[in-house]
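2 protein chains.
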Amino acid sequence: MEEIFIVKIGGKVIDNEDARNEFLSKLAKIGKNIILVHGGGKVANQVLSSMGIEPKMINGRRITDAETLKVVTMVYTGLINKTITAKLNSLSRKSVGLSGVDGVLLDAVKRPVKDIDYGFAGDIEAQGVNTDLLLNLVKSGYTPVIATIAADKNAQLLNINADTVASTIAAGLAKKANVNLFFCFEKKGVLMNAEDDNSVIKLLNSENYPELSKKGIFSEGMIPKLENAFKTINQGVKKVIIGNSNDIEQFFQENHAGTLIC
Amino acid sequence: MEEIFIVKIGGKVIDNEDARNEFLSKLAKIGKNIILVHGGGKVANQVLSSMGIEPKMINGRRITDAETLKVVTMVYTGLINKTITAKLNSLSRKSVGLSGVDGVLLDAVKRPVKDIDYGFAGDIEAQGVNTDLLLNLVKSGYTPVIATIAADKNAQLLNINADTVASTIAAGLAKKANVNLFFCFEKKGVLMNAEDDNSVIKLLNSENYPELSKKGIFSEGMIPKLENAFKTINQGVKKVIIGNSNDIEQFFQENHAGTLIC
Chain A
1 MEEIFIVKIG GKVIDNEDAR NEFLSKLAKI GKNIILVHGG GKVANQVLSS MGIEPKMING
61 RRITDAETLK VVTMVYTGLI NKTITAKLNS LSRKSVGLSG VDGVLLDAVK RPVKDIDYGF
121 AGDIEAQGVN TDLLLNLVKS GYTPVIATIA ADKNAQLLNI NADTVASTIA AGLAKKANVN
181 LFFCFEKKGV LMNAEDDNSV IKLLNSENYP ELSKKGIFSE GMIPKLENAF KTINQGVKKV
241 IIGNSNDIEQ FFQENHAGTL IC
Chain B
1 MEEIFIVKIG GKVIDNEDAR NEFLSKLAKI GKNIILVHGG GKVANQVLSS MGIEPKMING
61 RRITDAETLK VVTMVYTGLI NKTITAKLNS LSRKSVGLSG VDGVLLDAVK RPVKDIDYGF
121 AGDIEAQGVN TDLLLNLVKS GYTPVIATIA ADKNAQLLNI NADTVASTIA AGLAKKANVN
181 LFFCFEKKGV LMNAEDDNSV IKLLNSENYP ELSKKGIFSE GMIPKLENAF KTINQGVKKV
241 IIGNSNDIEQ FFQENHAGTL IC
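Chains as they are written, first to last, in the numbering used here: chain A, 1 to 262; chain B, 1 to 262.
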C-alpha cells in the first residue's frame, strides 16, 4: 500500500508570507507522498473588514453567514489555495489545488442547529471522502493542496473546520493506504506544562493518555484535538503527530519532533 | 482517440444565477467529454467596488494591478469556479474545478509591456498545457472546470484572457484527442448583418472567410476571435463553433446552432 502523509497547516504559516515560503520550501523537498490541508488564517478577516463585514466568531469557531461564506470561499479556495499551489509548483513539487467541492472530494452536510447556529458550516464523514481522486493524483505524482470548503447535495457551499478535514481525509484513506497525519501548530507539541515550551510530551497512547488527562494537563483547546487524534488512530491511521510547522522535516524522521499519538 | 469538447462561457451565464443554472442544467445532461472554461463576468468588478477599488479597463481588457490580481484570483478561482463545480456535481456531472496554477495546467509568462502595461496579465502557448492532467481527469469521468488564472515559473499569479485559455487548451490537446471548441456568447453566432440577430453565418472556412472579411462584415471585436479560431483549426482542432449559450445542446448536434468554423 502507498504511504501517504496528510499535513494540516494554519495560523502563521498562512498569514505570514516569509513563514509560509520557508515552510513550503522545506515541504517541497520531502520525498514522500503528501496531501496538504490548509486553514484560512487571518486573511479572511482582513478581506471581510475591507468589505465592511464584521467577522463573527463564537468559542473560536467562525459563524458563516451568507456574506461570510462568499468571502471565505474566495479567500480559502481562491487566494490562499492558489498562492500555496503556485509556490509548491515553483519549487518543483507538482501540486494541484482542490477544495472539498472538486470531484465531490468531501460530501458535506450542513451542520444542524443545536445551541449555536454556525450558519453555512458543514460536517463530513470518512465514507464521504473521494479517495479515488486523491489516490489518482498522488499516484500521478501530484501533491493535492486542499482548501476546506465543500458543498452539500444541493450545491450549497459550506465551510468546514480544517482539523476535521485533515482527520476525515486521513480516516477515509486509511483503508487504501498507510496514512500518517501531521498537525502543524504554533507550539512544539503537546506540553506537559503550558508555561514551558520545552516540556513536549514525546508520546501519547491509550496507556498514558487517560492518566495525564485525569491530572488536568491538557488545555480546553487541546482536548478535542487529542480525542480526534485517538479517533483517527482507531479508524486505521498509523500515527498522528502534533507539532510546530518549523519542525516539519523532523516529523518525517525516526526520532520525530512533536508529540506522537499512536 | 478520445473526443473532447472544450466549452468557453462568459458574460450573463456567469453573472446571472438563473441563466447560469439553466445553462449548467443543459450542459450536465450532455453525454460527452467536456472541459468547461469560464471567464469572470462582472462579479470581479462588484467585489472590487465593495473593497473601494476602481476596476481598470483599456479596450475591453482588464488592467491587473496587484490589488486587482488578488481580487480576480479570489473571484475566478474561488467563488465562480467552486459555484459552477458544485452545481455540476449536484446535477450528477462529476466535475473538478481547476485553474491554470493547478498541476501547472497552464505554464504562463507575464505579458511583456509594449504600448499598454496590462499589469499581471499572462500569455500561454499550446506546448505549455498539461494535457496529461486533463486527459487523466476526463478519462476518469470528470469534467474539468477551469478558471483562467495561472502562474509563471516564480509563482507569480497571472490573469489570462478566457478566450485564449480555451483556444490554447484546445490546441494543446489536439495532438492527443479529437478536439472541438465551442465559444458561447450573447449572439446566436457570427452575424452577416449586425442589426439582424437571425443573419447567422452557418459556416466559415478558408474559402468564404477572406471574401466576407474584405466586405467588412465582421466587427472589430469579432475579428481576433475569428483569426484565433482559424489558428486553432490549423493547430489540429476539428471544429470551432461560436454561438449563444442558450443553444448549447444544439452545438453538439449534426445540424449545429451557431457559426461553424472549420
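Errors might be hidden in some of the hints.
Identical copies look the same in the list; a pair holds intra-copy or inter-copy alike.
Cross-link-like lysine to any residue pairs, in silico, SDA-like; alpha carbons within 25 Å at most [as the list claims (entries may be wrong)]:
#, residue 1, residue 2
1, 26, 254
2, 231, 262
3, 29, 225
4, 176, 123
5, 139, 111
6, 214, 17
7, 32, 132
8, 139, 107
9, 214, 200
10, 153, 22
11, 94, 140
12, 56, 201
13, 94, 123
14, 153, 141
15, 42, 53
Simulated from the structure, these hints should not be mistaken for lab results.
| task | Tell me, please, which holds for residue 231 and residue 262 at an alpha-carbon limit of 25 Å: within, between, both or neither? | result | Only inside one copy: residue 231 and residue 262 sit 10 Å apart there, 59 Å across copies, limit 25 Å.
| message | Reference check for the pair residue 139 and residue 107, CA-CA at most 25 Å: within, between, both, or neither? | response | Classified as both: same-chain Cα gap 22 Å, cross-chain 22 Å, threshold 25 Å.
| field | Homomeric proximity label, residue 214 with residue 200: Cα distance no greater than 25 Å | value | For residue 214 and residue 200, only the intra-copy Cα distance (18 Å) is at most 25 Å; the inter-copy one is 79 Å.
| said: At most 25 Å between alpha carbons: which applies to residue 29 and residue 225, within, between, both or neither? | reply: Neither. Shortest intra-copy (28 Å) and inter-copy (43 Å) distances fail the 25 Å Cα cut-off.
| query | Should residue 214 paired with residue 17 be assigned to within, between, both, or neither, using CA atoms and 25 Å as the limit? | reply | Classified as neither: same-chain Cα gap 40 Å, cross-chain 54 Å, threshold 25 Å.
| request: Evaluate residue 94 and residue 123 at a C-alpha cut-off of 25 Å and name the case that applies: within, between, both or neither. | output: between (29 Å within a copy, 21 Å between copies)
| 25 Å Cα cut-off: does residue 153 pair with residue 141 within a copy, between copies, both or neither? | Result: close only across copies, 19 Å inter versus 30 Å intra.
| request: Could you place residue 94 and residue 140 in one of the four classes (within, between, both, neither) given a Cα distance threshold of 25 Å? | output: So residue 94 and residue 140 pass the 25 Å test inside a copy (10 Å) and across (20 Å) alike.
| field | Same-copy or cross-copy closeness of residue 42 to residue 53 [CA-CA at most 25 Å] | value | Intra 14 Å, inter 21 Å, cutoff 25 Å: intra and inter.
| said: Within, between, both or neither: how does the pair residue 153, residue 22 come out at a Cα-Cα threshold of 25 Å? | reply: So residue 153 and residue 22 pass the 25 Å test across copies only (18 Å; inside, 38 Å).
| message | At most 25 Å between CA atoms: does that hold for residue 32 and residue 132 within a copy, between copies, both, or neither? | response | Both: 19 Å inside a chain and 22 Å across chains, each within 25 Å.
| request: Can you give me the call for residue 26 and residue 254, within, between, both or neither, at a CA distance of at most 25 Å? | output: The answer is within: 17 Å in one copy meets 25 Å, while 54 Å across copies does not.
Comparing the model with each numbered hint stated earlier shows that hints 3, 5, 6 and 12 do not hold.
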